[in-house]
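**Q** Sequences and hints are given; from them, build the entire structure.
Number of protein chains: 4
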Amino acid sequence: METVSVTGLVATTPRHLVTQDGLPITSFRLASSYRKFDREQNKWVDGETNWFTITAFKQLAINVAGSVNKGDRITVTGTLRVRDWDNGERSGTSVEVEATSMGHDLTWGTSVFTRTVLVRDAEPEDELV
Amino acid sequence: METVSVTGLVATTPRHLVTQDGLPITSFRLASSYRKFDREQNKWVDGETNWFTITAFKQLAINVAGSVNKGDRITVTGTLRVRDWDNGERSGTSVEVEATSMGHDLTWGTSVFTRTVLVRDAEPEDELV
Amino acid sequence: METVSVTGLVATTPRHLVTQDGLPITSFRLASSYRKFDREQNKWVDGETNWFTITAFKQLAINVAGSVNKGDRITVTGTLRVRDWDNGERSGTSVEVEATSMGHDLTWGTSVFTRTVLVRDAEPEDELV
Amino acid sequence: METVSVTGLVATTPRHLVTQDGLPITSFRLASSYRKFDREQNKWVDGETNWFTITAFKQLAINVAGSVNKGDRITVTGTLRVRDWDNGERSGTSVEVEATSMGHDLTWGTSVFTRTVLVRDAEPEDELV
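As they're listed, the protein sequences go chains A, B, C and D. Take 277 as the starting number for the first sequence in this note's numbering and just add one per residue. Take 277 as the starting number for the second sequence in this note's numbering and just add one per residue. Take 277 as the starting number for the third sequence in this note's numbering and just add one per residue. Take 277 as the starting number for the fourth sequence in this note's numbering and just add one per residue.
The set of hints was computed from the structure by calculation and includes no laboratory data. It is possible that some hints are incorrect.
It does not matter which identical chain is used: a pair holds within one copy or between any two.
Said to hold, decoys possible - List time: in silico DSS-like cross-link candidates among lysine-lysine, alpha-carbon distance up to 25 angstroms:
no., residue 1, residue 2
1, 319, 346
2, 334, 312
3, 319, 334
**A** Now the structure itself:
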């Protein structure tokens with residue numbers, strides 16, 4: 277199981293929903309770019325962009341829905357899920373990060389943080405090795 | 277060079293200073309804990325705590341000084357520096373994370389983010405391989 | 277720019293080639309699985325599989341071509357590249373890891389290592405921030 | 277809990293032992309360096325070195341003891357343990373990586389890999405969140 281940390285720009289308005297089982301989910305697309313020094317041009321230029329679908333669950337999903345907007349700069353750490361899919365008509369690869377932590381990147385601004393009443397989320401269903 | 281991502285509790289009041297060369301620096305101690313399922317006791321218990329010194333520079337240092345307080349929950353990604361030191365009298369090992377991104381962990385609350393006027397920090401002095 | 281570490285099974289025979297510019301490249305598909313404890317069934321079961329295309333360059337590419345076979349267990353660290361592509365007819369997402377280090381995972385066996393004559397690969401063309 | 281990946285030089289001869297409970301353990305010190313481009317000198321120079329104690333358990337410990345020597349180049353991924361200790365007389369900080377995978381870095385040579393008979397190690401005692 278791979279963990280990855282990504283810093284980038286929230287590219288879509290976060291979508292929030294609650295499943296029939298009562299599980300809150302929030303997700304959005306994140307674009308991560310970097311700068312590199314091109315010695316031929318002797319200056320800094322843009323590298324390529326990595327695209328991810330970020331997904332949050334439970335209390336994190338609720339807080340993200342209330343705090344994160346398209347255009348924000350976010351830092352997120354989570355589990356990487358790379359799946360090949362095929363629905364008969366089309367096929368592709370989905371790249372998703374299931375967030376275990378996420379926050380506005382203070383490299384780009386300041387934030388006023390309000391603590392949610394401290395409740396511990398239910399422990400995970402499965403244990404992982 | 278190792279990159280590490282840490283999520284934890286800000287254990288000391290962040291200290292902020294500006295060097296003679298005009299470089300803003302903010303640092304604090306971060307405690308990272310985790311929960312594990314103990315099958316003998318058949319319940320979730322606390323694992324051990326990792327301790328880090330987190331250091332931020334330039335615009336990130338300024339924003340962290342204005343946004344982060346002791347007791348906050350933070351997610352940070354950066355370069356790991358593990359150095360053995362010896363000053364003649366005493367010796368030890370320092371474990372520091374030089375932050376490349378940092379933010380309040382939205383697992384624990386909500387945040388109102390204010391963008392700093394967009395200025396690009398000077399590119400780094402050295403290039404790394 | 278994201279760094280990721282993956283451990284898994286070499287799923288295809290590594291392909292090796294040298295570009296017109298004289299750059300050696302070796303690549304293969306890697307499948308990474310994990311085990312998780314399902315509490316309903318009260319036993320360990322397989323989690324889902326992540327699929328990656330692993331690419332190595334220069335001396336690493338040459339050594340991988342001479343050491344790695346389909347069916348081997350590998351641990352690799354490198355730069356993650358997630359790109360959406362569209363060639364007019366079809367579109368998709370490619371997920372690639374450009375290896376900065378790679379080796380047989382000793383969890384699964386033993387290895388006899390032979391050092392290549394020590395030559396330092398040319399430093400990278402661009403510097404990255 | 278933090279995961280870290282380190283590539284470096286095995287600085288001490290790996291020590292191997294089996295505990296009273298029958299648990300094989302192998303450990304050694306690993307030095308990780310990097311190169312950086314110094315623009316004032318307009319050339320590549322050595323960066324600083326990170327020092328880690330690497331520890332392996334069970335089948336990995338046995339295979340590492342039989343394959344890894346002082347002076348080898350290794351890539352390892354595992355759990356980072358940063359603990360402050362105090363034995364009354366002296367105090368310090370220990371920085372250890374408990375390896376989940378490890379192998380000779382093929383950037384530096386070739387390897388002939390021999391698979392151990394396929395036995396699945398006992399699943400871990402505790403589950404982690």
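**Q** 25 angstroms Cα cut-off: does residue 334 pair with residue 312 within a copy, between copies, both or neither?
**A** between (37 angstroms within a copy, 19 angstroms between copies)
**Q** As a check of your reading, is residue 319 near residue 334 (CA-CA no more than 25 angstroms) within one copy, between copies, both or neither?
**A** between (44 angstroms within a copy, 21 angstroms between copies)
**Q** State whether the alpha carbon distance between residue 319 and residue 346 is at most 25 angstroms within one copy, between copies, both, or neither.
**A** Neither way: residue 319 and residue 346 sit 30 angstroms apart in one copy and 40 angstroms across, limit 25 angstroms.
Of the numbered hints listed earlier, the single one contradicted by the structure is hint 1.
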